[in-house]
Amino acid sequence: MRKILSSDTVRLLIPALSLTILLIAVFYLQPRAMSYIGLNLLFNLAVPIALATIAQMLIMTVNDLDLSMGTFVSFVACVAATFLQATPALGTLILAAAVATYAALGVLIHVRNLPSIVVTLGMSFVWGGLAVLILPAPGGQAPEWVRALMISKPPFAPMAIIASIIIALVSHFLIMRSSFGVILRGVGGNARSVERAGWSIIGARAATYALAAVFAILAGISLVGLTTSADANIALRYTLLSIAGVILGGGEFTGGRVSPIGAVIGALTLTLAGSFLSFLRISPDWQIGAQGAILIVVLGLRLLLNRLERREKRA
Amino acid sequence: MTDEPQRHAVIEVADARVSFGAVKALDGVSVKIMPGECVGLVGHNGAGKSTIVNVINGGLTPHSGTISLSGTAAVRYGIGTARANGVRCVFQELSLCPNLTVIENTRIMHQTLTGWGWRRRAAAIIGAKLDEIFPGHGIDVASPVSHLSIAERQMVEIATAFSHVAQPVRLVILDEPTSSLDASLATQLLAYVRSFVAAGGSVILISHILGEILTTSDRIIVMKDGRVVAERPATEFDEHSLVAAMGSVVKGRDIAKTIKPTHGLQPLLTAAERRGKGLSFQAFSGEIIGLAGLGGHGQTDMLVDLYLSHTSNWMNGRAPRVTFVAGDRALNGVFPLWSILKNLSIAHLSGLSRRGGLLDDTGEAALGQSWKDRIEIRTPDVDNPILSLSGGNQQKVLFARALATPAPAVLMDDPMRGVDIGTKQEVYAILRDEAHKGRTFVWYSTEMDEVCLCDRVYVFNNGAIVAELKGEDVTEKNILAASFMGAAA
Amino acid sequence: MTRLASLVRRPWIWSFVAALTVWAATILFTGGASTVGLSQAALTFAAFSILVGIGQMFVITLGPGNIDLCVPATMTLAGTVALKFMNVDNSMILPGLIVAIGIGVAVGIGNYALIKLLQIPPIIATLSMSFIVQSTAIWTNRGLRIKPPEVLAKFTTETTAGIPNVAFVALVLSVLAFILLQKTVYGRWIAAIGQSIRAARMAGIPVDGTRFITYILCAVLAAICGYLLASFSGGAALNMGSEYLLMSIAVVVIGGTAVAGGDSNVPGIWGRRCSCSWSCRCSTPTAPAPEFGSS
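Protein chains in written order, with the numbering used here: chain A, 31 to 345; chain B, 14 to 502; chain C, 4 to 298.
Rather than coming from a laboratory, the hints here were simulated on the basis of the structure.
Where hints are given, some of them may not hold.
[What the hints assert, rightly or not] EDC-like mimics (lysine to aspartate or glutamate), calculated; alpha carbons at most 20 angstroms apart, straight line:
#1 C:Lys186 x B:Asp28
#2 C:Lys186 x B:Asp373
#3 B:Lys490 x B:Asp468
[Said to hold, decoys possible] So the derived label-pair ranges between C-beta atoms look like this:
#4 B:Thr200 x C:Ile112: 22 to 28 angstroms
#5 A:Leu47 x C:Gln122: 16 to 22 angstroms
#6 A:Leu47 x B:Ser403: 54 to 60 angstroms
#7 A:Gly152 x B:Ser403: 32 to 38 angstroms
#8 C:Gln122 x A:Gly152: 27 to 33 angstroms
#9 C:Ile182 x A:Gly159: 34 to 40 angstroms
#10 B:Gly213 x A:Gly152: 55 to 61 angstroms
#11 C:Arg148 x A:Val200: 47 to 53 angstroms
#12 B:Gln124 x A:Ile51: 40 to 46 angstroms
#13 B:Gly151 x C:Gln122: 30 to 36 angstroms
A virtual CB, placed ideally from N, CA and C, is assigned to each residue, including glycine.
If we strip away everything but chain A, and leave its shape as in the complex, we get:
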């Protein structure tokens, strides 16, 4: 019996390889990037993307999809740059209400058996509208402590790297190691048997959505910490980036198959891909296209790997 690679390792292999190859390529093209400051610049924006990716991954764990991730992170960024900075108590209250809203959405989706993409698409208009109400024009100011945290320079490795590692470890523990995470993934894998064993599926969904909101809020706050000011459209592309990050990191749309470490690596890869393409002196015209091509190649590779695995199992 072959027990060389556990499934987690296999799942992590492709994202880790793509990140390594990209990193080597970047260093080859731009040796100066191989420094504390260079790395910090390369991965600066990775922290909020990684957090949003984890949030999306949580939703995908229970076989749903959140199409409002971008607008929600934008909304949080607006709240962080205004209320949280001026009146921290009120800001915290607003964010707590947002978490409660997400939990309620999870319950609604489960009880009414609604498709999550419709509900979250509808919510994206709500979050977008609220963000415009709070900050009609770009502005606001990041709370001091967030700013200080995001630009801090810890020894040995840049903030972005350390933060990514912490995010990866915390979410790995939460999703992959804790018994709470086991229930969540069980709901994604075979909700019926989890229910038959006596667990509350509604509770699990509500908790998943609430936890996702917490990660998305962290994403919004850290984003403001980096950009110092906010705007209602600041994170719109996070919806697609977060889904792509989860998929790149070895997650699946259904079946509760996710990998938090992979998702963080996926987010880092997506962040790095942009820098890589500019270092490559690819005409800026083709940069987005090359990102699409990278996505397709990675998915193709994964299909190949899955096929091999299946054939091996049959043999």
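Given chain A, put chains B and C in place with the hints provided.
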């Protein structure tokens, strides 16, 4: 068995009745399971085995009858009560989460496994139980279930059911536990069942392999048509008397079947041996061919394969060669948002479209009306939603859908499940009529009466065709013998 | 039960009620001063959304998970290439349209190839495809803004009997889409696939062929829309399709098409789309049709 008179039964079901629509799934069944005994449960399809199992594990509340645990009558008996009283069940279909590891699945099945270090404890519990039941199993409890083979998953499921966490395990129901295990694993399992029983536990064993039932059980309950027809110590049965007990008294049939000479004719449909063993399949024009054997032994798979290989996923020709009548209406039969008429006409749209590609509404309405009359779909208006019909009438619509096409061969995947007897008789008459006109029917049925209507019958066992019966040989006795005995070979 | 059933059967009624309400409210707010101009502008932008909305509706009807995120990129590419090809020459208007349609067909084939060959969920397949299509558009555009041929520009911006010409185009295509959905074998097939892909296959429907055609159809409609929109706004812009993505989905959903698939309706798109445009005009009367902050 001890001779203490006051010993209570682990569970006692008295006079349970369950009916699904017109079908009486349980018609006054009483079952009593004592501590320290293994009870074999046998019967053909639809005898009521799975229904009584569902009643015992709490998944189904009988419409009348009582359930007592350890001698006291249980009120509001459900899954929770059953589990709390140590009743566990290994289902035929997989109930593990494929994305989780074996350890994590153990965690889900046992709510009480909490706190720090639960992984280590779960691993110890499930690992020890696997070692105990299947020595040398070679399963890595840290690997996800999706990486395990079907047999390994079955082993994990059995071990989970037998493993003791907070409540002691008192009764384990094993529904076809050996169907995906090879001979040596099956032997290990049955040996464990004996030692579990010797230690005071109870087991209900359901299997189509009569040898297992005879060697492992203390007592055998034979069910037929929702009733217990025989209940005796295992030693008083042998394979032949078991088969005889499952069957009914052979009725004289007045339909004289003619064995059509098929030699030298060109078959309409053919299929090679399934999984490279057993017999090959052939169907000739105008035949009604039955696919028999126990449910889930590859009949549906063969029908679907036959259908898919004769139709295209990219283009639709004007004249389909085969058409399909679904048995699982919700899964691959009805289109729930549509009217009866649209559901009926969907397979024959190419015959209803006019020159410009537009649908012929009047032609469609006429088609609907003619089939409504011919097959007596009970509805005031064929424009009503399909879901407004009863299950039997929905099934008639699916029949009409298939028969409305010009396809020369009709494949039927146990389409009469849950259909009342009147409807059945109507459909049988139409089938005969159409077969006379030269249509071929390939009919998988789990009901013995229906199989006996066929001109020729292929009996399935473990995914392969093990016997072919023709004309007068198509009898209940021969089919039962082939579907149960074939497993021994 | 019967009353409920009849309501369910005509969900698009409500989108019209909403449209009329918003329209009336707008007139009240603006004192009726700019009713005509406002209605015309709203109708024009509504027409573009309807064009992409129809395509998206066909795709969404195919069932859960089917969605074409490539719509905006296709619009941009078709608009850019067609304008470049026509090169302000009135005689090239028709060939230009054919080029735009050709681009739509190519993108549709690409989308379904990814979905089928790589077994990627449509949402990711069309997303990846959109990156590539968008890059191609950027590459062909090169920052140049080529004007549309004069006749075409005139056609797309002018009105006939007070109704914008593009609204007529959208109306004609909607009627065609309505016929296609309700009266043809193809329409029945996509609705059947949307309700149950397995039941559709077992009823003899060529599932892959039907889905393939549908993705092509959606891309072609997006391409035609891009062609008209670029001509309307006096040249192709790189981000010109972006606001139509979420709109195309929202319009379809709110118009009464079940996202769970298998049920769709053309009239609903119109009602919903008009009400959106009006509400936007109402909130920011000077800006050229911004949509709810969806970018």
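So, going through the hints one by one against the coordinates:
no. : hint                                    : result
1   : C:Lys186 x B:Asp28                      : violated (56 angstroms)
2   : C:Lys186 x B:Asp373                     : holds (8 angstroms)
3   : B:Lys490 x B:Asp468                     : holds (16 angstroms)
4   : B:Thr200 x C:Ile112: 22 to 28 angstroms : violated (56 angstroms)
5   : A:Leu47 x C:Gln122: 16 to 22 angstroms  : holds (21 angstroms)
6   : A:Leu47 x B:Ser403: 54 to 60 angstroms  : holds (57 angstroms)
7   : A:Gly152 x B:Ser403: 32 to 38 angstroms : holds (37 angstroms)
8   : C:Gln122 x A:Gly152: 27 to 33 angstroms : holds (29 angstroms)
9   : C:Ile182 x A:Gly159: 34 to 40 angstroms : holds (37 angstroms)
10  : B:Gly213 x A:Gly152: 55 to 61 angstroms : holds (58 angstroms)
11  : C:Arg148 x A:Val200: 47 to 53 angstroms : holds (49 angstroms)
12  : B:Gln124 x A:Ile51: 40 to 46 angstroms  : holds (45 angstroms)
13  : B:Gly151 x C:Gln122: 30 to 36 angstroms : holds (32 angstroms)
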